[in-house]
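One letter stands for each residue in the lines below.
Number of protein chains: 2
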Amino acid sequence: MSGLSILDNFFYPQSIAVIGASSNLQKVGHVVLKNILFGGTSTSDKKEGFKGKVFPVNLREKEILGLKTYKSVKEISDRIDVAVIVVPAKDVLKVTEECGQKGIGSVVIISAGFAESGKAGSSFQTELLSIAKQYGIRIIGPNCLGIISSSENLNLTFARVKPPAGPIAFISQSGALGTAVIEYALEEYFGMSYFVSIGNKSDIDDSDLLEYFAEDSGTKCISLYLESVRDGRRFFNSMKSAAKKKPIVVLKAGITSAGAKAIASHTGSLAGADVAYDAAIRQSGALRARTMYELFDASRALAYQPPVKDGHGIAIVTNAGGPGVIAADDAYKHGLPLATLTEQTIKLITSVCPPTWSRQNPIDIIGDATPQRYRRVLNIVASAPEVGGIIIICSRQALTQIREIVDDMIILSKSIKKPVTVSLVGIVAQEEDRILDKNGIPVTEVPERAVEAMNALFLRGRYLDRLNKSGY
Amino acid sequence: MSGLSILDNFFYPQSIAVIGASSNLQKVGHVVLKNILFGGTSTSDKKEGFKGKVFPVNLREKEILGLKTYKSVKEISDRIDVAVIVVPAKDVLKVTEECGQKGIGSVVIISAGFAESGKAGSSFQTELLSIAKQYGIRIIGPNCLGIISSSENLNLTFARVKPPAGPIAFISQSGALGTAVIEYALEEYFGMSYFVSIGNKSDIDDSDLLEYFAEDSGTKCISLYLESVRDGRRFFNSMKSAAKKKPIVVLKAGITSAGAKAIASHTGSLAGADVAYDAAIRQSGALRARTMYELFDASRALAYQPPVKDGHGIAIVTNAGGPGVIAADDAYKHGLPLATLTEQTIKLITSVCPPTWSRQNPIDIIGDATPQRYRRVLNIVASAPEVGGIIIICSRQALTQIREIVDDMIILSKSIKKPVTVSLVGIVAQEEDRILDKNGIPVTEVPERAVEAMNALFLRGRYLDRLNKSGY
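Protein chains in written order, with my numbering: chain L, -1 to 470; chain V, -1 to 470.
I should point out that these hints are in silico values taken from the structure, not numbers from a laboratory. Do not take every clue at face value.
Note that identical chains are pooled: a pair holds if it fits in a single copy or bridges any two copies.
[Claimed, not checked] Under the rule of at most 25 Å between Cα atoms (straight-line distance), these lysine to any residue pairs were calculated in the SDA-like manner:
{"hint": "1", "residue 1": "K25", "residue 2": "D405"}
{"hint": "2", "residue 1": "K25", "residue 2": "R371"}
{"hint": "3", "residue 1": "K415", "residue 2": "I400"}
{"hint": "4", "residue 1": "K243", "residue 2": "Q399"}
{"hint": "5", "residue 1": "K331", "residue 2": "Q281"}
{"hint": "6", "residue 1": "K331", "residue 2": "D276"}
All chains should be modelled from the sequences, with the hints used to inform the complete structure.
What follows is the structure in structure tokens.
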């Protein structure tokens, strides 16, 4: 909470009206109400719902999920902080007007059928905005999945599952992409402070949210999936200003004419020239993710691990030659420098490794590496002044004691100020993965993704160094 | 089996000696013997081991895993087709010589401590080859994980798990990478006909195996993880010749000086200039994978799906706008053309979709798509002459009936000659994934990987078209 913003009203309401609530299990209006009341399916959190008052609005039904319904928000005598609208597009204008008459200032419109669906929809959206302006209503949507505010146990979406709470604020211009990220979040412990599906962003947009999350103390990384921007200059300035306070990761899709054409038909806006976006994102201090995996991995790393300091190089510690080579190649492709080990570091590692260790970076400590050998080498590398961050690769070879090695990684990571990313290569080990995830160490199945995660921390470190030097 | 090659002796033996077998559960010599006898852990196959005779060789123990042991292969009266050696490096020369004296022609040497580990090891390896030459022994290894021949239930490795049987022959220059691929194979139903860890490839190498697998009727795709090549010209010619018969996917690592230095220390050979490799792989007709995921995804697609014919464009069918845009962007990056839908195709799709469908490719059939709508649209697209292959994206939105849609994908894929790849975006649905995998439809969690898989099929189709036009 920033205490300053109109967005506080959306994320910290005391009471919510669900306009279009339904007792039909197959309807979005049912799923939204259920998610608000019970929090939504989650494996990692208690199933707790929103603690404030909830009012279902439905023209025909008398009771839904044990709550009395109302035919209109105007019938409700309590104050309503947020209304969520899930009625068909043709009825949205009317119920929005009723929200205005009731004095509701914050409305989330899930209903589709607006600017994304042709001329008639566009003029619907224009009318909607004129009603909102008349009554001073702020809108998230329409054509969106909804919002989540983790500290309030508020799951105001129709997603099937709920992400764990955590430090990532996620903004998505695509509802379906948002759904996918929420499912991923649950699986990979991608903890979210907020989730906002901005849909057609007829009113509240990415820039508003960037400014808000930049000030939020529970948010350590802001991640965006973006297809188009309404006001390029404002977006650039919002990113630039927010990047000084929080790392930002942007997956900007629609780089091609095919992609751009697809966008035009699904969220009602046109993709800008990709080159301009690319330059704007880089110059603002944000990181541009090129793939969904990079969006996931960079966000997790930036939210949970410290940045690489002073442009120092990275050490790769591995029990597997091939994956170490792949990681070194990939670091090169990213421009991520590998540390050149000093004589002293090589001497120390030699004292705890068999003579066949690689004697250089990548530090191949050989396939028969025990937990003890990993622990000793990692401690040496963590203390080496030439090393700015550590990528740990562990492949389950003949007799690798993976669980003990993983436990040591966690102890190490908590005791040092250098970032750690991990690849348990090819290891079908959901338990070990989950332990690392929950302890804030990004872990992936292929070495390339551990490099990508570390690269995000390197770029963030370099950005902060420059920022400090420039005296801002 | 080719019936022609020295390699038949390795993959189709009647009897095997395990030199260095052990009853100590912590030793590689125990794991190898156990894997030969019982086949190794697998979730998808019956646990069946090698049907021929197995002879453990050990100096001290009398019986291992219920089998009588021998102090030397020379004590065994039966004929031995293959010996696998897991004794320490210093004893390898002696036992290899005994193999020669016993008349064993095929030896797999798992033991490390040869050319990969410095000068002394290199001269060991030279001596080893001179003994082999003297007795006419062929060697796989040393410093390797072993071999698998699926049709014979022969798992002659020390890997923890066993891949399912299938059409992919996998060659790995890194044992650890090989282990990772085997674990992945089990998880993702990456079915293997053969697996060969070539280690230091002192004798049998990638070129020998390419030539062998090109003639093997059970192999539909040859996949290699490669770090260096001994004889560049021969390797190029082997690839070029094999590519005419089978698709080949190569992950060539060590593109950088850091990667190359790491390689030198772990398999005893030097990486060549990356540019030369790149050109050679492309010109030969093989596909160069850039990441481990691409190696996995391209191999699965090429092994299980038909190539894209006549350079036709691809259709993307999705219930999710954002992931469709990401897929379109990614196709562009790969140079994979999207089909331009004809008026006729658009008319047909319009007749079975709500008016808000995208009316172009990517074909966004909207978030509320039912199994019926997917089925109808997929049938139209499959029959459209302008479409050469279909990427199906399915995101679990509010009420998506994922299982029924997946079942329809399988029916469709079996009834058409166009390739299909799938992304169940963000769906935590191991069951549906497994069903698709087992039916030969490559499925991934992010759209980018479904595009990568289709791109491999497009490139293979284009290669075959050119091959046919050039009249061989």
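Worksheet item: Given a CA cutoff of 25 Å, do K331 and D276 count as a within-copy pair, a between-copy pair, both, or neither?
Response: Result: close both inside a copy and across copies, 18 Å intra and 15 Å inter.
Fill in: Intra- versus inter-copy proximity for Q399 and K243 (alpha-carbon distance at most 25 Å)
neither (40 Å within a copy, 42 Å between copies)
Discussion item. When Cα atoms must be at most 25 Å apart, do K25 and R371 count as within-copy, between-copy, both, or neither?
Written reply: between (56 Å within a copy, 18 Å between copies)
Worksheet item: Is it within, between, both, or neither for K331 and Q281, if the alpha carbons may be no more than 25 Å apart?
Response: Answer is both; intra-copy 21 Å and inter-copy 23 Å each pass.
Item to complete: Go through the copies and call it for K25 and D405: within, between, both or neither, with a Cα cutoff of 25 Å.
Response: between (45 Å within a copy, 24 Å between copies)
Worksheet entry | Status of I400 relative to K415 across identical chains (alpha carbons, at most 25 Å) | within (24 Å within a copy, 44 Å between copies)
The earlier numbered hint that this structure contradicts is number 4, and it is the only one.
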